[in-house]
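Protein chains: 2
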Amino acid sequence: MKSIAQYSARTAYDPQCFVDVDLPDPIPGDFDLLVEIEAVSVNPADARVRMRKTDDGHPKILGYDAAGRVRAVGSAVKGFSPGDLVWYAGDLDRAGTNAELHLVDHRIAAHRPGSLSASEAASLPLTLLTAWELLIDKMGLKPDQPRHHESILIINGAGGTGSMMIQIARLVPGLTVIATASRPETKSWCENMGAHHVLDHRADMAAQLDQLGIETVDQIVLLAAPDKHFPTAAGIVAPFGAIGCIVPFDNPPDMNLLMGKSASFHWEFMFARPRLGGEKSARQGEILTTATDLVQSGRLRSTLARTLSPLSSETVRTAHELIESGQTIGKIAITKNLINQENKND
Amino acid sequence: MKSIAQYSARTAYDPQCFVDVDLPDPIPGDFDLLVEIEAVSVNPADARVRMRKTDDGHPKILGYDAAGRVRAVGSAVKGFSPGDLVWYAGDLDRAGTNAELHLVDHRIAAHRPGSLSASEAASLPLTLLTAWELLIDKMGLKPDQPRHHESILIINGAGGTGSMMIQIARLVPGLTVIATASRPETKSWCENMGAHHVLDHRADMAAQLDQLGIETVDQIVLLAAPDKHFPTAAGIVAPFGAIGCIVPFDNPPDMNLLMGKSASFHWEFMFARPRLGGEKSARQGEILTTATDLVQSGRLRSTLARTLSPLSSETVRTAHELIESGQTIGKIAITKNLINQENKND
Chain V
1057 MKSIAQYSAR
1067 TAYDPQCFVD
1077 VDLPDPIPGD
1087 FDLLVEIEAV
1097 SVNPADARVR
1107 MRKTDDGHPK
1117 ILGYDAAGRV
1127 RAVGSAVKGF
1137 SPGDLVWYAG
1147 DLDRAGTNAE
1157 LHLVDHRIAA
1167 HRPGSLSASE
1177 AASLPLTLLT
1187 AWELLIDKMG
1197 LKPDQPRHHE
1207 SILIINGAGG
1217 TGSMMIQIAR
1227 LVPGLTVIAT
1237 ASRPETKSWC
1247 ENMGAHHVLD
1257 HRADMAAQLD
1267 QLGIETVDQI
1277 VLLAAPDKHF
1287 PTAAGIVAPF
1297 GAIGCIVPFD
1307 NPPDMNLLMG
1317 KSASFHWEFM
1327 FARPRLGGEK
1337 SARQGEILTT
1347 ATDLVQSGRL
1357 RSTLARTLSP
1367 LSSETVRTAH
1377 ELIESGQTIG
1387 KIAITKNLIN
1397 QENKND
Chain F
1057 MKSIAQYSAR
1067 TAYDPQCFVD
1077 VDLPDPIPGD
1087 FDLLVEIEAV
1097 SVNPADARVR
1107 MRKTDDGHPK
1117 ILGYDAAGRV
1127 RAVGSAVKGF
1137 SPGDLVWYAG
1147 DLDRAGTNAE
1157 LHLVDHRIAA
1167 HRPGSLSASE
1177 AASLPLTLLT
1187 AWELLIDKMG
1197 LKPDQPRHHE
1207 SILIINGAGG
1217 TGSMMIQIAR
1227 LVPGLTVIAT
1237 ASRPETKSWC
1247 ENMGAHHVLD
1257 HRADMAAQLD
1267 QLGIETVDQI
1277 VLLAAPDKHF
1287 PTAAGIVAPF
1297 GAIGCIVPFD
1307 NPPDMNLLMG
1317 KSASFHWEFM
1327 FARPRLGGEK
1337 SARQGEILTT
1347 ATDLVQSGRL
1357 RSTLARTLSP
1367 LSSETVRTAH
1377 ELIESGQTIG
1387 KIAITKNLIN
1397 QENKND
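Here the protein sequences line up with chains V and F, keeping their order.
Residue numbering for the first sequence follows the numbering used here, beginning at 1057 and increasing consecutively.
Residue numbering for the second sequence follows the numbering used here, beginning at 1057 and increasing consecutively.
Just chain V, with the same shape it has in the complex (with noise of 0.2 Å):
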């Protein structure tokens, strides 16, 4: 099969970052999924894990959301069957999505919404786990359960996770959603997705909250420089509130900062679950499931902003480039058919 590797940690403007080759078509384990990828996107993870590769001369391939057919099913799967179209976020452990055929553990995967293109649909399901397990799972909203007084801020709202946060944290009635851009058209993004309100995190935060009269916000995430936010968002929180990340930080933060506050802090790392193997991975393919259906019924859409095509050494360094720009609003997807064929693959 066609796949996009990498064989050393090189720099995205490098033309040598991927290389294309020729692999062995892969063999389903009994619970995986073999699938005909028709989609990936690129995250912030894929760079990093970039950067981590050993030059131990063997093809690394990176690539962890997509969307894609079945073509065959392990002798243990259950609930898919060949021709079905399904979405995932991939595992850390395994060979990634850059590729034309893929293997996945079925239990962390589902059916995907057929009201979205492949690019569309490859877009979300990295981000979107994320948001889910780190709002829903661990911050304990949950979709239709109101919440009075409360608000939540998403710093740095208008990249792939945070778009995602925007719309799963809407899901809740009541609670004020408050995200932070820096640009116009990130902060018109961020509004788009469905923020009640949009602050600048190059300007005083706290300042600005005042401005709307909130004087304390119950949960805040920080999705990206957590070292220069961590103690603007200590400051901020509410008694017994919560700061969610899901990116390390380059010092370790004050974290007595929040004790006064009996407050928390969680970290979400989307492949932790995957990691777990088995049962206890099953979670993503119930919340993607979940996500299936609110997406059908137009509750979630697609945070989709740019398409490259075709799946090729030269695409893929081109979405780590702009990935790592910092500059990115939504989700950059890559197709495996230009993209004015992808509708008629679908």
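Possibly wrong hints are sitting among the right ones.
You can't tell identical chains apart in this list, so a pair holds if it fits in one copy or across any two.
As the list claims (entries may be wrong) - Taking lysine-lysine and the DSS-like style, the derived pairs with C-alpha atoms no more than 25 Å apart in a straight line are: (1) K1317 <-> K1336; (2) K1109 <-> K1336; (3) K1317 <-> K1116; (4) K1198 <-> K1134; (5) K1134 <-> K1336.
Calculated from the structure, these hints are not laboratory results.
Note that this is a predicted model, so its numbers are computed, not measured.
Starting from the structure of chain V, add chain F where the hints point.
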């Protein structure tokens, strides 16, 4: 009223650390109980507050835990009458309980269990609320709701809070309760409080867990020396597990150690809730009422280890000195009257 006051931040070895003073009797506000103090207990928090006293010429009364009898009630008080026996953990922002009379908002107080003496009762509220707010309200354990193949590790189980945490964790059927201690007498104390296993926190805890056939622990609480124990806790906490902490760090902890496990960190600061005031503080009254029932039915018991009397500048100073030795087991209470008179007064 006779009161034990401090005027400046002095070491507990200084005979002038506390002084006996006579202050005007306090007058209850609308929501207050005026309480005749029968016994108090001393907590590490008292010692930390003592060292923060500024030398402003004004007397400060420490003491938070108390068992007493209601003498008068404010106009808005519901559920309490003069003569009622009460217990509570107090409010950092008001005068303390080391006095003949004390004011407390009735919403953070409760009727105390009649099965305990005043000193046994005074030993519980602060540590009980700390343990309950962390294990039940934050970490999600529930009495009588079974947990399977789950465990909790209570680092420093023989202290006042550790002793309550062991007992509260044992209210959860199926949960394996592991405490730590470092001396034969503290190990016995933890076993006596209900710990299934007791580790030595001065030796390799991961290796000791390994010998018990336990690879990871779901919930870990740091009750002392968090800088020393945090890296160990991060290593042995289970994926999606949580670390709770009740004492400040000397240096910022390396929170990234928890990221790959998608784990959580919870602060517990008992005085955060009284500070919220009004109905938001009433959760503490609820918890203490539940605890009274649990004590009456024999499911929770006092952690009192030593009683001093009478309540004076000298006994308060001695209690602070003992607390600061770091060698205490369970709780130290001080009764207003001589110990052998206590039962007659109850």
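Any hints from earlier that this structure breaks? Give me their numbers in increasing order, please. 2, 4
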